[in-house]
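As they're listed, the protein sequences go chains U and X.
Take 1 as the starting number for the first sequence in the working numbering and just add one per residue.
Take 1 as the starting number for the second sequence in the working numbering and just add one per residue.
Hints may be right or wrong, so weigh each one.
Unchecked claim - Simulated restraints on C-beta separations:
1. U/153 <-> X/40: 26 to 32 angstroms
2. U/13 <-> X/17: 17 to 23 angstroms
3. U/131 <-> X/36: 24 to 30 angstroms
4. U/30 <-> X/39: 17 to 23 angstroms
5. U/101 <-> X/20: 17 to 23 angstroms
6. U/9 <-> X/20: 35 to 41 angstroms
7. X/18 <-> U/13: 36 to 42 angstroms
8. U/5 <-> X/16: 27 to 33 angstroms
9. U/113 <-> X/35: 35 to 41 angstroms
10. U/153 <-> X/41: 23 to 29 angstroms
What the hints assert, rightly or not - Partner residues are not named here, just some residues of chain U that face chain X (Cβ under 8 angstroms, in silico):
11. 16
12. 20
13. 33
14. 126
These aren't lab readings, by the way, just hints derived from the structure by calculation.
Here a beta-carbon is modelled for each residue, glycine too, at the ideal position from N, C-alpha and C.
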Amino acid sequence: MPGDDVFTKDLVAAIPHLRAFARSLCNDPTQADDLAQEALAKAWKARESFEPGTSIKAWTFMILRNQFYSEKRRSWRSTPLDAEMAENTLVANDDPTVPMELLELRTALAKLPDDQREALILVGAGGMAYEEAAQVCQCAVGTIKSRVSRARRALETLLSETGSRKSHADHGIAADKAFDDILQQASVLAAGGGRSRGDD
Amino acid sequence: MTQENSGDSGAKPVDARVARRRQDALGRRLRQMYDQVVSEPVPDEFMSFLHDADARKPPKTDK
């Protein structure tokens, strides 16, 4: 019976997360599922190289990520997608089942540099520890931390721009203004505090 | 002299809290986006792959 050993069980349990990670990299759901399935197949073939006791999620994510970038380099099938396509989707959104907020978020994410986006997805969306995310991206923990905080700042700026562009209503402008104030106060705090805030 | 301006020390924590809440809001949206996909039912193709994979399971897998 399939799925009767620990490795297979853990691998199956990781599938929903693999799909979510793939979706965040590709945006296009079909392409994302193809990517996730390819990664799953690779993980299965490489099962001997998995070290029991380590995070199978981080391991499969690393495989998926490598797969994604090698395909991206090889063909351009996923290149023009991101920012431009996401923007068009945003403008043309008349599907009431897709919340505008989510589209805005995806559009803004697509505009981030790859390394910042993936770091924020892993840590901020997927709830991965910095150490695990560093394992996935094969870089230092400190690098992940700084990518996450840069991504967060960039995303907040992008989202506040989208908000003010989309709506000329008073509350949109007011929200934007309020956000500016918050940012200003935050930078005053950061400058005056003399102590870097704990970035969680 | 830990506090230079204890006069308005009440204002600062409030601002920090607002900034923090803004971050929390972004974090919540990010998690929602991710969790939405996680909670989707896994398409059958993923599972049929596992059946194939299981059939091709290499003989020495005692562990």
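Here is what the structure says about each hint:
Judged by the Cβ atoms, the range 26 to 32 angstroms given for residue 153 of chain U and residue 40 of chain X holds: they are separated by roughly 30 angstroms. Distance hint for residue 13 of chain U and residue 17 of chain X: a CB-CB separation of about 37 angstroms, inconsistent with the stated range 17 to 23 angstroms. Taking 24 to 30 angstroms as the suggested C-beta distance range, the pair residue 131 of chain U and residue 36 of chain X conforms, at roughly 26 angstroms. Evaluation of the 17 to 23 angstroms hint for residue 30 of chain U and residue 39 of chain X yields a pass: the beta carbon distance comes to about 19 angstroms.
For residue 101 of chain U and residue 20 of chain X, the Cβ-Cβ distance of about 20 angstroms falls inside the hinted range of 17 to 23 angstroms, so the restraint holds. The given range of 35 to 41 angstroms is respected by residue 9 of chain U and residue 20 of chain X, whose C-beta atoms sit roughly 38 angstroms from each other. At roughly 38 angstroms, the beta-carbon separation of residue 18 of chain X and residue 13 of chain U lies within the given 36 to 42 angstroms, and the hint holds. A C-beta distance of roughly 49 angstroms is found between residue 5 of chain U and residue 16 of chain X, which places it outside the suggested range of 27 to 33 angstroms.
One distance hint, 35 to 41 angstroms for the beta-carbon pair residue 113 of chain U and residue 35 of chain X, is violated here, with the actual separation near 24 angstroms. The hint said 23 to 29 angstroms for the Cβ distance between residue 153 of chain U and residue 41 of chain X, and at roughly 36 angstroms that hint is violated. The beta carbon of residue 16 of chain U comes within 4 angstroms of a beta carbon in chain X, closer than 8 angstroms, and the hint placing it at the interface holds. For the restraint placing residue 20 of chain U at the interface with chain X, the shortest Cβ-Cβ distance is roughly 4 angstroms, inside the 8 angstroms limit, so the hint holds.
For the restraint placing residue 33 of chain U at the interface with chain X, the shortest Cβ-Cβ distance is roughly 6 angstroms, inside the 8 angstroms limit, so the hint holds. For residue 126 of chain U, the interface hint holds, the least distance from its beta-carbon to any beta-carbon of chain X being 6 angstroms, beneath 8 angstroms.
Consistency with the previously given hints fails for numbers 2, 8, 9, 10, ordered from lowest to highest.
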